[in-house]
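Starting from the structure of chain V, add chain U where the hints point.
Those protein sequence lines, which keep their order, are chains V and U.
Heads up, the first sequence is in this note's numbering, so the first residue is 1 and it goes up one at a time.
Heads up, the second sequence is in this note's numbering, so the first residue is 1 and it goes up one at a time.
Treat the hints with care, since some could be wrong.
To be verified - Each computed BS3-like pair below joins lysine-lysine, with the alpha-carbon atoms no more than 30 Å apart:
(1) U/Lys-48 to V/Lys-13
(2) U/Lys-31 to V/Lys-105
(3) U/Lys-31 to U/Lys-19
Just so you know, the hints here were simulated from the structure itself, not pulled from any lab data.
Just so it is clear, the structure is predicted and the values come from calculations on it, not from any experiment.
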Amino acid sequence: MATFHFDLVSPEKMAFSGEVDQVDVPGVEGDFGVLAGHAPVVAAIRPGILTVISGGSKQKIIVLGGLAEVSDKGLTVLADVATSIDELDRAKFAETISEMEAKLKEKEGSELDRAIERLDHFRGIEHELNTTAMH
Amino acid sequence: MASLKDMRVRIASTRATQKITKAMQMVAASKLRRAQTSAEAARPYAEKMDAVISGIAAATSSSPGASALLAGTGKDRVHLLLVCTGERGLCGAFNSAIVRLAREHAQKLISQGKEVKFFCVGRKGFEQLRRTFEKQIVESVELRSVRQLGFVNAEDVAEKVIARFNNGEFDVCTLFYSRFKSVIAQIPTAQQIIPLVVEAPAASAGPAVSYEYEPEEDEILPRLLPRNIAVQVFRALLENNASFYGAQMSAMDNATRNAGDMIRKQTLIYNRTRQAMITKELIEIISGAEAV
Numbered sequence: 001m002a003t004f005h006f007d008l009v010s011p012e013k014m015a016f017s018g019e020v021d022q023v024d025v026p027g028v029e030g031d032f033g034v035l036a037g038h039a040p041v042v043a044a045i046r047p048g049i050l051t052v053i054s055g056g057s058k059q060k061i062i063v064l065g066g067l068a069e070v071s072d073k074g075l076t077v078l079a080d081v082a083t084s085i086d087e088l089d090r091a092k093f094a095e096t097i098s099e100m101e102a103k104l105k106e107k108e109g110s111e112l113d114r115a116i117e118r119l120d121h122f123r124g125i126e127h128e129l130n131t132t133a134m135h
Numbered sequence: 001m002a003s004l005k006d007m008r009v010r011i012a013s014t015r016a017t018q019k020i021t022k023a024m025q026m027v028a029a030s031k032l033r034r035a036q037t038s039a040e041a042a043r044p045y046a047e048k049m050d051a052v053i054s055g056i057a058a059a060t061s062s063s064p065g066a067s068a069l070l071a072g073t074g075k076d077r078v079h080l081l082l083v084c085t086g087e088r089g090l091c092g093a094f095n096s097a098i099v100r101l102a103r104e105h106a107q108k109l110i111s112q113g114k115e116v117k118f119f120c121v122g123r124k125g126f127e128q129l130r131r132t133f134e135k136q137i138v139e140s141v142e143l144r145s146v147r148q149l150g151f152v153n154a155e156d157v158a159e160k161v162i163a164r165f166n167n168g169e170f171d172v173c174t175l176f177y178s179r180f181k182s183v184i185a186q187i188p189t190a191q192q193i194i195p196l197v198v199e200a201p202a203a204s205a206g207p208a209v210s211y212e213y214e215p216e217e218d219e220i221l222p223r224l225l226p227r228n229i230a231v232q233v234f235r236a237l238l239e240n241n242a243s244f245y246g247a248q249m250s251a252m253d254n255a256t257r258n259a260g261d262m263i264r265k266q267t268l269i270y271n272r273t274r275q276a277m278i279t280k281e282l283i284e285i286i287s288g289a290e291a292v
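The shape of chain V in the complex, shown without the other chains (with noise of 0.2 Å):
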């Protein structure tokens, strides 16, 4: 199977960077997989996670929001924040989910419509965390 160079940069360091067989990605729009030969894109992403899959071996990483870019040299994920999920501290995440909600009543408007989609999708992260935790 052809590979295709994926990097993966968050402004804090080079989360990942090398020759990878596909890359599910989170997008705004909803996920979409990307092998090599892809059309140019570029994507904004959600927080979600994304999987990245070279020779038969799963790597999953949490990314909270950013852009992907596809062109002829390869993938690029811009994120703004990268964590493997082995790194990931589940208590803090819990953390930081509890905080949104309570932050939650403080807003209003379009604001509100933002803070309920964000909190919405790291519900989502955490639920797909705890799932894959049982197996």
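What follows is chain U alone, placed relative to chain V:
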């Protein structure tokens, strides 16, 4: 003339100072390494961001609804100077070099009849600018309590700048920081961030790749532009941080060397005086014995 005891005390105190500057130099050297790696780690992100934005900007600049962050307000009457400096001194001309550049820039703008406002990040720059531009400083942020510079810090600053921009408080924003070139060379730099300066894509690069956008360009761009400002500020802060430790390291290296020179000179004078006194006492004893 100072007595022998005074001179001994002076030598001892110079030696104590030398120990301090030596320790500071070594601390700065080890912190520099960390600061340099994080500055370098942030570069790919900022570069990719630049590339993506200029790609999108080129595609959308012709549309009339282009964002003000990109196109500007159409005026350039009020300028905001975002001056990033260090929190501490003892680092040679690091802080003053940045402030001097900002001040020259401000004076040039004022002589052209424009209004200037300052936004200071870092305590040292605020203190120096306060002397001449007290009234023009609209805000200042201190990062003193921050141990490890995070993206959040930059986001904070960027949010404040954008809020002021949206209130129509200024038309052009320029960022001042010190670019880290090497341990001995830090270059004070001015960079315009609002409106964004997009480098025209080289004509020889061949036909530009036509991207598909998801969601549409005009939806991605408003998300991206504020983010880009945060990224630029973050990069400036990291470069500044690395430059600061570089400057401090070479300043402290100089100080240690100067202290060494001083100790050598003082010891020489001390020994001469001591010998002169011994000779004087001997002469007194001999001439006393001869007189008997």
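Cross-check of the supplied hints:
1. U/Lys-48 to V/Lys-13: Answer holds: U/Lys-48 to V/Lys-13 is near 13 Å, not above 30 Å.
2. U/Lys-31 to V/Lys-105: The given pair, whose Cα atoms are some 42 Å apart, is violated under the 30 Å limit.
3. U/Lys-31 to U/Lys-19: Status holds; Cα separation ~18 Å.
In this structure, the one hint that does not hold is number 2.
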